[in-house]
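Asks: In case you want the letters, here they are:
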Amino acid sequence: MPAVRTVEAMMLGKLDWSAVPFDQPIPLIAGAIVLVAILGVLVWVVAKGHLPYLWHEWITSVDHKRIGVMYILLASVMLLRGGSDAIMMRIQQAVAYQSQGYLPPEHYNQIFSAHGTIMIFFVAMPFVIGLMNLVVPLQLGVRDVAFPTLNSVGFWLTATGALLVNISLVVGEFARTGWLAFPPLSELSYSPGVGVDYYAWSLQISGVGTLVAGINLVTTVLKLRTKGMNYLRMPMFCWTTLASNLLIVAAFPILTATLAMLLLDRYLGFHFFTNEAGGNVMMFMNLIWAWGHPEVYILVLPAFGIFSEVVSTFSHKALFGYRSMVLATMAICVISFMVWLHHFFTMGAGPDVNAIFGIASMIIAVPTGVKIYNWLFTMYGGRIRFATPMLWAVGFMVTFIVGGLTGVLLAVPPADFMLHNSMFLVAHFHNVIIGGVLFGAFAGFEYWFPKAFGFRLDERWGKAAFWFTILGFFITFVPLYVAGMLGMTRRMQHYDVASWRPWMIVAAVGMAVLTIGVVCQIVQLVVSIRNREALRDRTGDPWDGRSLEWATSSPPPVFNFAFNPDVRGEDAYWDMKVHAQQQSLQRDGPEYQDIEMPRNSPTGFVCAFFATIMGFALIWHIWWMVILGGLGAFATFVVFAWRDHDEYVIPAEEVAAIDGINLEERRSLVSMAGTV
Amino acid sequence: MSDQSHIGHDLAPGEEEQHSVGTRILGYIVGLALALLLTATSFFIAGTDLVWQPSIPVALIVLAIAQMGVHLVFFLHITTGPDNTNNVLALAFGLLVVFLVVGGTVWIMAHLNANMPPMDQIMMRQ
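In order, the protein sequence lines correspond to chains P and F.
To convert, note that position 598 of the first sequence is 598 in the working numbering; the numbers rise steadily by one, no gaps.
To convert, note that position 20 of the second sequence is 20 in the working numbering; the numbers rise steadily by one, no gaps.
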């Protein structure tokens, strides 16, 4: 019946029952478990009557702290998803010696593509953006980010991207092309399925979210600082946030444009990156890495900022070489746009081009080295407390130096020709991303958790998590360096070389140790929530901190500060404690004033709801639904743009009541710090 | 930006207007006239044989850059005043990134065949 087929094609596009992988048990079972878990949580939330609370306090919230927490929650959940992919890959490579292993090739290819995509875009990015969102306005001494509702839109669009990637598990397939979807493999002729479309549309939608988050945070740092907080008094984390978000604003449009061109190739028969009709595959490599290298620094710069805060706090000293640190951060920000060719030395642009980009890649290690020395000198002569955040920071320094040195090795073009796309490369970038970004994220998580929730995390389980993670990390990735030296290439579904086998087995054992580390982290969270009364942070300053986020209660009130702090120097809060100068602490009855705060808005959630519909419809060529989703999102924007009331007032009495409680706790602390 | 009082005065483009409506309209009219003049000149140059032909592309590039300048000054309100530091810095950073990415891309793509045998010479010999 051709007429029925046509109607079906109009209504459902390419979607039919064959999209659900009934013949593949692993994704189906995994998908079913996730679905049951989500439904279970939803039923529990509705049955317990938490839905209104969730809607009013979290989903529609424009409070930067709440949005930050939701970013981190998203990243943590996706970390489990991406980690499961990693476990499956390590097991596959441990067993697939002279055999097919347990994963069929097309499934294995989807797994490594999903692993990379998820870990970068939906774990690392939301984790660092979440921490920046949570902390930067507090460190700057202000009440919110520059554009609170836009912040919510950015978060929910990121969540949309993550949702689409996970839908691909059950409906259709994911890309089999690797995490950057290189053409011509990602072109329609070689990847006719919806996998690449899932990849590209989820990145396009979450990319918009990342871009608005970047614009928001740049504006916040440049425009919203409290009195006296000039640029050279900002905490280091604010500087790295500025640099990282400048890179987001400059680099993410390149990713969007590149993926848009790939999509035009796939949807409308263009020839940007095809082999025929004048297309140029190499242009894709060039453009994607022109985004991809700055992306590396977008991720690691905030981590550098976190370590700067942690090392200085737990060494009981001001950061060594603050100005050189600022200079190094901004130097990295610029140089990161001058090295992207080192990802494709083997493309063959000749010795001149390769030499220049190789030298630039080595030069960028210099400001990074400056940072390492600054942290070491901060620790030197300090009174160091090895609390969990500090352990992550020290573990980072050791691990990251190894990763950085193998990176400098790979920056030598002749060496790179040997090691390109080998397991050595895989080990290198995991060494810098896990050792740099993930350790940084964990350090920030442990360090700022009390600020976000008002109680500390359990130290014993935190330390156990650290030791298992760092041990597991080295047991997993040192063998991959060796395997790379023995000539093993990346992304192998199976292999026949006997000498690689033992290393793959050791790596799988390491993965098990890493998994114990993750379990410890989950147990730590559960134990800490149970013992929250014993771990309660009443003063708002659990670590004897130095910057302004510790100058307010934990968790901070919605308006952050009853009075905008007056900053007189670097390490603003330390200064206040030592000199007991904070006026609100000295005065008996401070004169509180009304505070205006932005009203909550469902704009972000509704926008993302329509974006999800639109993305799904685009992937499956359901054109009426694309139009519906687009109109819905536009209508949401129009409704928001024509709103009448966007702020509400917290009366002075309420501010006084909230602030008074914390003030009492804090006075005792100030007198203690003053005696030091 | 050593003094905090600057922050209060450092405004977004378009926000800084303290002048009367008349002055502002005059600014836009001057901008429009300049933009139209530059556009008209470009079209005229492209089709004329009054100038030395090889100079036409160079002239068009110069006119295009001038056009960008007019837009930045009259419509996007980029000035050299102290209230505009952030905007000027943002513009400089943007230009630097565009220069690096576009210049680098052109350079890289022009050398793509550096490791290939010289095909044209081989073809000629045959």
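By construction, these hints were calculated from the structure, which means they are not laboratory data.
The structure displayed is predicted, hence computed values, not measured ones.
It is possible that part of the hints are untrue.
Stated by the list, open to error - With a straight-line Cα cutoff of 20 Å, these simulated EDC-like cross-link-like pairs (lysine to aspartate or glutamate) come out: (1) Lys317/P with Asp544/P; (2) Lys223/P with Asp83/F; (3) Lys223/P with Asp566/P; (4) Lys227/P with Glu665/P; (5) Lys317/P with Asp575/P; (6) Lys227/P with Asp83/F.
Asks: For every hint, state whether the structure bears it out.
Replies: So, going through the hints one by one against the coordinates:
no., hint, in the structure
1, Lys317/P with Asp544/P, "holds (11 Å)"
2, Lys223/P with Asp83/F, "holds (12 Å)"
3, Lys223/P with Asp566/P, "holds (16 Å)"
4, Lys227/P with Glu665/P, "violated (25 Å)"
5, Lys317/P with Asp575/P, "holds (12 Å)"
6, Lys227/P with Asp83/F, "holds (18 Å)"
Of the numbered hints listed earlier, the single one contradicted by the structure is hint 4.
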